[in-house]
Amino acid sequence: MIANRQLSSDYNVLALRAPSIAAAASPGQFVMVKAGSGHDPLLRRPFSVFEVLRDQTAGVTGLSLLNKRIGVSTSLLYAARLGERIACLGPLGRPFSPVDAPTEAWMVAGGVGLAPFATLAHALCSRGVRSTLFYGARRAQELFYLDLFRGLGVELVLTTEDGSAGERGRVVAPLERRLAARRADAPVMVYACGPEGMLASTAKIAVRYNRPCQVSVERIMGCGLGGCYSCVVPMRSDDGRVHHVRSCLSGPVLPGDQISWE
Amino acid sequence: MGAEMDLSVRIGALTLKNPLIAASGCFGYGVEYADLVDLASLGGVAVKGLFLAEREGHPSPRIVETPAGMLNAIGLQGIGVRRFIFEKLPELRARRATVIVNICGSTLDEYVEISRILSDAEGVAAIELNISCPNIKEGGMQFGCSLTGTFDVVSAVRKVTRLPLIPKLTPNVTDVASFARASADAGADAVSLVNTFLAMAIDVETRRPKISNVVGGLSGPAIRPIAVRMVYECRQAVKIPIIGMGGITDARDAIEFMIAGATAVQVGTANFVDPFIWPKLIDGISDYMRRHQIARVADLVGTLDTAAGDKEWTAS
Chain A
45 MIANRQLSSD YNVLALRAPS IAAAASPGQF VMVKAGSGHD PLLRRPFSVF
95 EVLRDQTAGV TGLSLLNKRI GVSTSLLYAA RLGERIACLG PLGRPFSPVD
145 APTEAWMVAG GVGLAPFATL AHALCSRGVR STLFYGARRA QELFYLDLFR
195 GLGVELVLTT EDGSAGERGR VVAPLERRLA ARRADAPVMV YACGPEGMLA
245 STAKIAVRYN RPCQVSVERI MGCGLGGCYS CVVPMRSDDG RVHHVRSCLS
295 GPVLPGDQIS WE
Chain B
-3 MGAEMDLSVR IGALTLKNPL IAASGCFGYG VEYADLVDLA SLGGVAVKGL
47 FLAEREGHPS PRIVETPAGM LNAIGLQGIG VRRFIFEKLP ELRARRATVI
97 VNICGSTLDE YVEISRILSD AEGVAAIELN ISCPNIKEGG MQFGCSLTGT
147 FDVVSAVRKV TRLPLIPKLT PNVTDVASFA RASADAGADA VSLVNTFLAM
197 AIDVETRRPK ISNVVGGLSG PAIRPIAVRM VYECRQAVKI PIIGMGGITD
247 ARDAIEFMIA GATAVQVGTA NFVDPFIWPK LIDGISDYMR RHQIARVADL
297 VGTLDTAAGD KEWTAS
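Quick note, the sequences are listed as chains A and B, same order.
Heads up: the first sequence begins at 45 in this note's numbering, then just goes up one per residue.
Heads up: the second sequence begins at -3 in this note's numbering, then just goes up one per residue.
Among these hints, one or two may not hold up.
[Claimed, not checked] Among the chain B residues that face chain A by a calculated CB cut under 10 Å, a handful are:
#1 245
#2 247
#3 267
#4 270
Hints in this document: simulated from the structure, not taken from any laboratory.
Note that the structure is predicted; figures quoted are calculated from it, not measured.
Each residue gets a CB set at the ideal place from its N, CA and C atoms; glycine is no exception.
If we strip away everything but chain A, and leave its shape as in the complex, we get (with noise of 0.2 Å):
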């Protein structure tokens, strides 16, 4: 562990010295983490890699997590202490597939859903594609990397559950919206990532208006490696049967439409 930014009282980033791993990573991958050492906690945890460190040569020097504070492991990792040896494995599962120019990204994060964007908004930025982030959180202060964003040439649309940034409510409303106001024919790749109401609304609202989404799921994951079945999404096949696929082999990036949302 060679950083370790706390961003407030539950959020922190925490970068680690894995450059090989996240020299490997495609945006919306994912590694899964040790926290602690010992039996307790006893299983990884799977994070999206937030950024791809670099020096100043840009040689990749390592990955940073964003991590929230909600139980024993996220905890530790909240409190990670420099130096710490922190097992990460990775590079996991399907990454996002970035579209090309002249078709439009739309972002929705919710929350610590923020994570994959950072890179997937790297790689947009290089492709030229109009970029824009709907971002949703709980208050003003816990909307975070703003400026990366920014920087990248991304379009900020925020929402807070409280009002006190951008606008009040949740960040699939002026998704909808936006959409509504398209013209039917202008090609626009919807991502998500964010709490499981957020994935379904979205994944409703790019079907209602006939666009393609891919969303990152996140589930209970015990080895990230397709070993334990713990991970599985139903997902409508084409002869409409639901099976359950392991999101961390399948997944974690799903095409939202064949997820049978409950």
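Use these hints to put chain B onto chain A, whose structure you have.
Coordinates of chain B only, in the frame set by chain A:
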């Protein structure tokens, strides 16, 4: 003595190159790990439990972490035995894995039918009879929790296959050793134990169960001492080899099971935490043998010294 150190163990007619087996349900179909783990270096790979037909298993959430352990109710999601033979077995063969196929049945006939199919397949080293999954109604528990049920299913499968037969026993019974005995009497080549302990965990804020199936199976270091005791009890009861498992996370844990009476061990949950655990386990066991001047790991099996006499009790 490094060069002549012998890690091989025998399970009936089957010789494993070492006593370390990837536990069923914790290693997918083996192929998922083929790029991270040299499958040929393992004593065996016990693949995820297979029914005749495909199954979708339980909804999420399927696992939750508990103190030094985890609770799971996957619900035996699986691709069915025929797809396994067609889609997974060729790669396992190519990787020179010693494949132990874990099978499940809703009925006695289903166990028999799957065993028949596997007996004709190329590259199956042994059959592990899952009569102990705690998570589904038809998961074999009706066989695994009844002595006559255990005897009947093992006998029936015995009649249709010459493959080494390994009933996997549940710890959710009063006297596990009697189930080992029933298995041996019915012609099993070995028994494996323990499957997971039926358990549950509740979110007290919402008063909801933490996994969708309400109850699930507990695994991990939390259960190890109970599993070791059960292996020890079975060792007194039967002569056939025992494959021990339950919370093994390092070589010392594996050796503990072997001293208690296990000829081989399976490692499950620890593989989730560290998929690179296998060479460490092999090295750790080799190192132990070197330090204790044990040439054949099989000589370690069942060497528990209970005659302490005037020897001092030592804390480890």
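Against the structure, the hints:
no., hint, in the structure
1, 245, "holds (7 Å)"
2, 247, "violated (16 Å)"
3, 267, "holds (7 Å)"
4, 270, "holds (8 Å)"
In summary, the structure is inconsistent with hint 2 from the numbered list given earlier, while agreeing with all the others.
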